[in-house]
Each structure stands twice: as structure tokens, then as C-alpha cells.
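Asks: Chains as they are written, first to last, in the numbering used here: chain A, 1 to 468; chain B, 1 to 298.
If you are wondering where the hints come from, they were derived from the structure by calculation, not from laboratory data.
Possibly wrong hints are sitting among the right ones.
In silico DSS-like cross-links for lysine-lysine, where the CA-CA straight-line distance does not exceed 27 angstroms [what the hints assert, rightly or not]:
| # | chain 1 | residue 1 | chain 2 | residue 2 |
| --- | --- | --- | --- | --- |
| 1 | A | K327 | B | K261 |
| 2 | A | K327 | B | K219 |
| 3 | B | K174 | B | K219 |
| 4 | B | K41 | B | K174 |
| 5 | B | K184 | B | K295 |
| 6 | B | K219 | B | K184 |
Per the computed footprint, the stretches of chain A lying under chain B, defined by three or more beta-carbons under 8 angstroms from a beta-carbon of chain B, are [what the hints assert, rightly or not]:
| # | stretch |
| --- | --- |
| 7 | 117-130 |
| 8 | 326-333 |
Some chain B residues near chain A, calculated using beta-carbon distances under 8 angstroms [stated by the list, open to error]:
| # | residue |
| --- | --- |
| 9 | R56 |
| 10 | L87 |
| 11 | G221 |
| 12 | Y249 |
Glycine included, C-beta positions come from ideal geometry on N, C-alpha and C.
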Amino acid sequence: MLHKPSIAMAALLAVSFGAQAAADADLAAIRSQIDEMKRTYEQRIAALENKLAQAEADAKAKSLAPAAASPVGTDRPATAAVAAAAPTSASAFNPEVSLILQGQYVNSKDIPNRSISGFWPNQLDNQRGFSINETELVIGGGIDPYWRGQAIFAIQDDEVGVEEAWFQSLAIGHGVGVKGGRYRSGIGYLNQQHPHQWDFANAPLMYLAMFGPEASFREDGVQLKWLAPTSMFLEFGAETGRGASYPGTDSNKNGVGAWAFYAHLGDDFGVANSWRTGLSYLRTSADNREAELYDINGVPAQATFNGNTDTWLADFVWKWSPDGNPKYQNFKFQSEYFWRQDKGDLSCTGLGTACDPLAAGDVVSGNYNTRQRGWYAQGVFQFTPEWRAGLRYDQLDSGVQDLGPNAGNLVVEDYRPKRATAMVDYSWSEFSRLRLQFAQDKSMLGVTDNQWILQYIMSLGAHGAHRF
Amino acid sequence: MIKFLMTMLLATASLPGLAALQIFATVPEWGALAREIGGDKVSVFTATTALQDPHRIQARPSLLAQARRADLVVATGADLEVGWLPLVLRDSGNANIQPGRPGYFEAARFVTMLAVPVVLDRSQGDMHAAGNPHVQLDPRNLFRIGEALALRLGEIDPPNAQAYLAGYQAFAGKWQAAIARWEKEALPLRGVPVLAHHDSFVYLANWLGFKTTGTLEPKPGIEPTSGQLSSLVARQQNVPAKMVLRTAYQSDGPSLWIAEKAGIPAVLLPFTVGGTAEAGDLTGLFDDTVRRLLKGLH
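The task is simple: from the sequences and hints, build the whole structure.
Replies: Structure, rendered in C-alpha cells:
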């Protein structure tokens, strides 16, 4: 007894239940009878709908595949080879569109020229009170059987920025993947993640030190990846491109401005643990990278760097959940370490009487060589489906800063910036989250900034998959 | 670097082909079905276990490594794996298993979907536009899925096409007898009202004729709230459910709470292969499901 007959049977049985109920005279019975009738009709309608769908599918099967084999069973519909349902998946929304809403309330010290002491001065965010972060619009989809495309637009008050806009190969095979356009580089672990995927309201200090306020190395270029045919995850990647983001600069020239290479290794450890580790190398070149420094008399001076930057990154991520089911409880640990060398020439351009003993407007140029490093480690525990809590510790080391002939002109701080952060967040569903974060930030020499951040992250529309 | 990659690429291409067809099953039921049909002609990797919520799987590195080597991906479809599978497929560098290619198989395409939403709105919870994706719990669906899978296996691996068809026929013969047995055993379940943690048993209820009168989740994918649980207990006065069902991967707290307040049994069903010790294969899955439901009734 299979599909069609059993539905008919169900309807029949339901009818006979209705008939029995009618035999009893008391009020409760009548009430339940009405209920039963309602359900009966619902079932009959459902059964009829099923029959109709079945008949349609059968007719389609007969017209399309008259020779469809029906090796076993006589009352089984011979439609196995025909897709009954319409093509489904996220591509039903073609293209997939989603919008990320993110905003925050910040309580911190007012530091207009916020930067990290001992490191190349990149202007960091000092916005306090209520504000919205970038609103991200994500549009993606299959282009054809060979390519997929995605663009992420970051919308701010008076501008729309193209965060990412890339195409990705689907049909090369042999483990090879090609990506081209503007994308977040595959180096490190956090680099590819957008702010709404972060486990804390802001980026680790080391990402700010490495890549400036965007906390990610973005590239206009091409990426080639190869996944080894091994049972353990082993992936190699190479990228080259314009290299316009810090620590590189945009130099309008033929050829390329940056190279990146990386290898990732990962696997499961039992059913409850999975991990990934990686090693990355990034070379960028800077052409007149400028910053405001101070000379030994405290007078502002302009420093200009020309040269190459080599960045090495090591990353490790470990995720645990009971039985490998992260829904109710899970733990995530991640840590990254970087080492970076700036090598080239530094020029000090006098503003006023800076870069003494030369006259105002003169330039002192010479060797420049810094070797700096830093790391962070964080752990986030989800203890119920809704609640998570996490701790993070950041530390950097300004390391060796050899300014050559400018050592007597410019002041650079020898400092170890530190920050400790704690957060707790609540998620109503996978699509909405509210986070409270406290940090004691000692990233600036002589300043202890106690920061409170209340942040929301909401996403609507197509729900894209997230990376490990 | 490029030269190195090319060398590695050539080295891979010249490796001797692996004997068995490599199958990547997203959930245990399709892994089990592929084993029934493919026998020793296939080597099956199952990406998840019965103790893992199939909606909440992460794109783990090990899954990428397995997808890279797969000849065929057997997925449920209907957006069940939307949170991780698309990413795994795209980043696998495996052209053969991309959607639309013969190496990508979606079971839900071959059955009549139930609970297809009329209106798509996330305010109604985590909805599946194509309908409820838990199609494996109506064993009759496995005929259509199994036959389509056997044909697909034959398409990818033509020398063994006959073996796959024979494997399917052997399975179908066994399956038909088993279904007749289960339907007979489960007759007392007809019309029985039950509660469920999540809409996991729509197809099972449709097959056996029991009725899900409420879910502990207020909306699909939203955790049970105390308000929802209390209202279900209050409803017991008028619509008395006989038991409360959950899967092996769902937390037992809400079910046990209702069970205690309403004085009805909380029944854990295996949901898929491996969900209980007895559900070691597809036959065991339904044997144990029917047995546990009947036990809950008495």
C-alpha cells in the first residue's frame, strides 16, 4: 500500500471518525465532532492537493520519460527520474540579496588623533555616542555554469563604497579556484571576515596596526587557490594585485603592487573538535606613504616612506561543541600573530622649524627599517542558543625602529600597546544580535581608556553561508 | 609558485583513480541510502551525525577536503544545508559537484514537498521556501529518491550502472515489505494528536496518520519560550496531545517540562540513521521510530 492509496485511506478513516463522533449526543462530543470535521476537510483538501500534484507529476513523467523503469512494485508512481519540485536553494533568489544593519553606542575618552603608539600613525575611529556603522548591501549569484559573482557595498552617510566586487571560478576542477576583482585577501584568519562576522565589536589591535582603520587587507587583483586532494584540509593560495591598501600605497603604474602567499591546514579532532591553522606572507610596496609625526622639539613634521613592507602572519582557530552540534553550546578559540618589516627610505619634511637643523621646507632623507610584531588571543563561549560571552587580549610590540639619519629629528615611541576586552551578546535568532562590550584600552602611551560599546547587528534577506 | 602549483596539479591528475566512487552525503540518511544502493562500489563520507542539527552545520575544513575528492554530493536540498553546503561546494575546487552538474544530487527534488509556505517572511521564523525539508521520515519517499539516486550513480559510473540498479531493486523489494509491516504495526497511531519540538516530523505524521497539533518552538528555528510552552500546556484541556516528540539532536529540557506538566510521555525519535543505538541503518531507523511511537501511546 503506497502513496496514493494511503492518502485516500487517510481521508476515508478521517471521515469514519467524523461519523462515529456524530453518534454521541453530549456537548463535548459535538464540539469535538466539529473539530474533527474541520480537520477531516483539511485532510481531504490536502489529500486532493497531493493527488493533483501527483497526477501532474505523473503526466509530466509519461510525456517526458515514457520508458522510465519501474522495476519493483506496481502501485508505485514511475516518476522517480523527474524532479517533482522546482529547483530550490538560495538561487531561488537570483541574485541573492541581503542587507546588514549595524550600529552602536560608544562611551569612551575623547581622543581626536586616536592611533596606536609606537606604530605608523593611522587615524583611528573616535566616534562616540550613538552612530550607525557601515550598512552593507550584499548581492551575489551564479553568473553562468562557470562563474559566480558577488559585490558588497558599504553605504555611509554621503558615499557608497565598493567593499568587495569579485567573480569566482566554479568549473576549473582539480582543486583549483580563481577569484578576480576586489576582495578581502585570504591571508590570516580574520582578514576575510566582515565586521558583522566578528565576535567583538571592534577589530584586534594587530589588525589596526597592520592594515589601518579598515582592519583588513583588501586587494584589487587576482587570487589563485589550490586545495590538495588529501583527507586533511590543505590549501595553498597566491594573490597579486594593485596593493593600494595600507601598508602599501596606490601607485598608478604598470605591473603589480603586492604579492601574498599562504597555506592553510585543518581537520577534525574527534567529532567535537575542528581546527584550522595557517601561515601567510604579504609583500606590499609604498610610494610616498605619508604620516604626521613630531620632531624632537614637539613640532609637527611630515614623514614620507618609500620602500617595501613584508608581513608574516600565523593563525590558529579551534572550535568545540558537544557531539559537534554547535546549536546549544560551543566554544571558539582563535589567535593570530604577526611580524612585519618596513624597509626603505624615510624623508622628514620640515613644517615650520621641524627637522632642525635644516631650514624650514627642507627634507632629510635616509634609511628606514622597522621590525614590529603583535598578537591577540580570544575565546568565545556560547552557553545557550541565545547567549555568548567572550574574552580577548591584545598586545603589540613597537620593536626595533631604525630611523637612520632621521633618528635625531623625529620622535617614535618605544611602547607595548595592550588591550583587554570582555563581551556578552544575545541573539534572538541567527539574524539578530545585541552585544555589550567593555575594553580597557592602553594602545596609546600614557592613556588608559575604559570603553563601553553597545552594538546591534541585524541581517535581512538571503542568508549566506559563513566561513569556518 | 604557479609552476609549483602546476606540478602538483599534474601529479594529482596522474594518480591512479580510486577504486570506489566517492560519495559525500550531507546527512546520515542519504549516506545510508547510498550504501544500500551502491554496496561495495561506493565509498561514503557522511558530513553530519544524527546528534547534529542539520540546519546549524559549519563549513569545517574537513568538509572542504572531503568535497574536493567527492564524485557525487548527495544533499537534501530545500535549503536544509543552505548555511554551509554552498560555501563548501564553491571552495572545494571540484567542478563535478557544483549544482546543476551530475555530481550534485538533491533528494528533495524527487518527492512531493509538504508544508510549502504561501508567504515568505522571516518574521515567521527560519522558513524553507521549498517546503519542509525533512523528507526522509516518509519511507515511501525513499523509493523515488533511491531510484533517482541509482540512475544518477549509473550516469556517473556507467560500468557499474547495472549494479546500482540491481542494488536499488534489492533495496526496494526489502523496503516494500518493511513498509507494509510498519504501516500495519502503526495503525493505532492514526489520528493521534502529538506535540513536536520542531516541525521535524511532518512527513512521518503524513505517512502514519498522526497529527502534530503544536510545536514547542514558537516559530521554526526559534528556541522554545516559556510562554509558548505554557500555552501548549493550557491547550491540553481542549486538544489533548498524547505525547511530545523530539529528535536526538534537540535539547530534552522543553520536552520533559511539557511531559511533566501535561502528564504525557516525552518520546525521543531517532530522526535519522544513528539517532538511537537501534537506528543503525534505514530499516532500523523506522523499526525504532514505530516502536518508540507505539510505546509512547501505551
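Asks: Each of the hints needs a verdict: does it hold here or not?
Replies: Evaluated hints:
Simply put, K327(A) and K261(B) have alpha-carbon atoms about 26 angstroms apart, close enough for the 27 angstroms limit, and the pair holds. Distance restraint check for K327(A) and K219(B): the Cα-Cα separation of roughly 16 angstroms lies within the 27 angstroms cut-off, and the hinted pair is therefore satisfied. The hinted pair formed by K174(B) and K219(B) fails the criterion: a straight-line CA distance of about 38 angstroms is larger than 27 angstroms. A C-alpha spacing of about 20 angstroms is found between K41(B) and K174(B), which places the hinted pair at or below 27 angstroms, so the restraint holds.
Distance restraint check for K184(B) and K295(B): the Cα-Cα separation of roughly 15 angstroms lies within the 27 angstroms cut-off, and the hinted pair is therefore satisfied. For a cut-off of 27 angstroms, the pair hint linking K219(B) to K184(B) is broken: about 34 angstroms separates their Cα positions. Proximity of the stretch 117-130 of chain A to chain B, defined as three or more residues with a beta carbon under 8 angstroms from a beta carbon of that chain, is not established by the 0 residues found. Given as covered by chain B, the stretch 326-333 of chain A passes the check, having 3 residues with a CB less than 8 angstroms from a CB of that chain where 3 are the minimum.
Annotation: R56(B) was flagged as interfacial toward chain A, and the flag holds, the nearest CB pair being 5 angstroms apart, inside 8 angstroms. For L87(B), the interface hint holds, since its Cβ comes within 8 angstroms of a Cβ in chain A; the closest pair sits about 4 angstroms apart. A least Cβ separation of about 6 angstroms between G221(B) and chain A falls short of the 8 angstroms threshold, and the interface hint therefore holds. The beta carbon of Y249(B) is positioned within 8 angstroms of a beta carbon in chain A (closest approach about 6 angstroms), and the interface hint is therefore held.
Of the numbered hints given earlier, the model fails hints 3, 6 and 7; all others are met.
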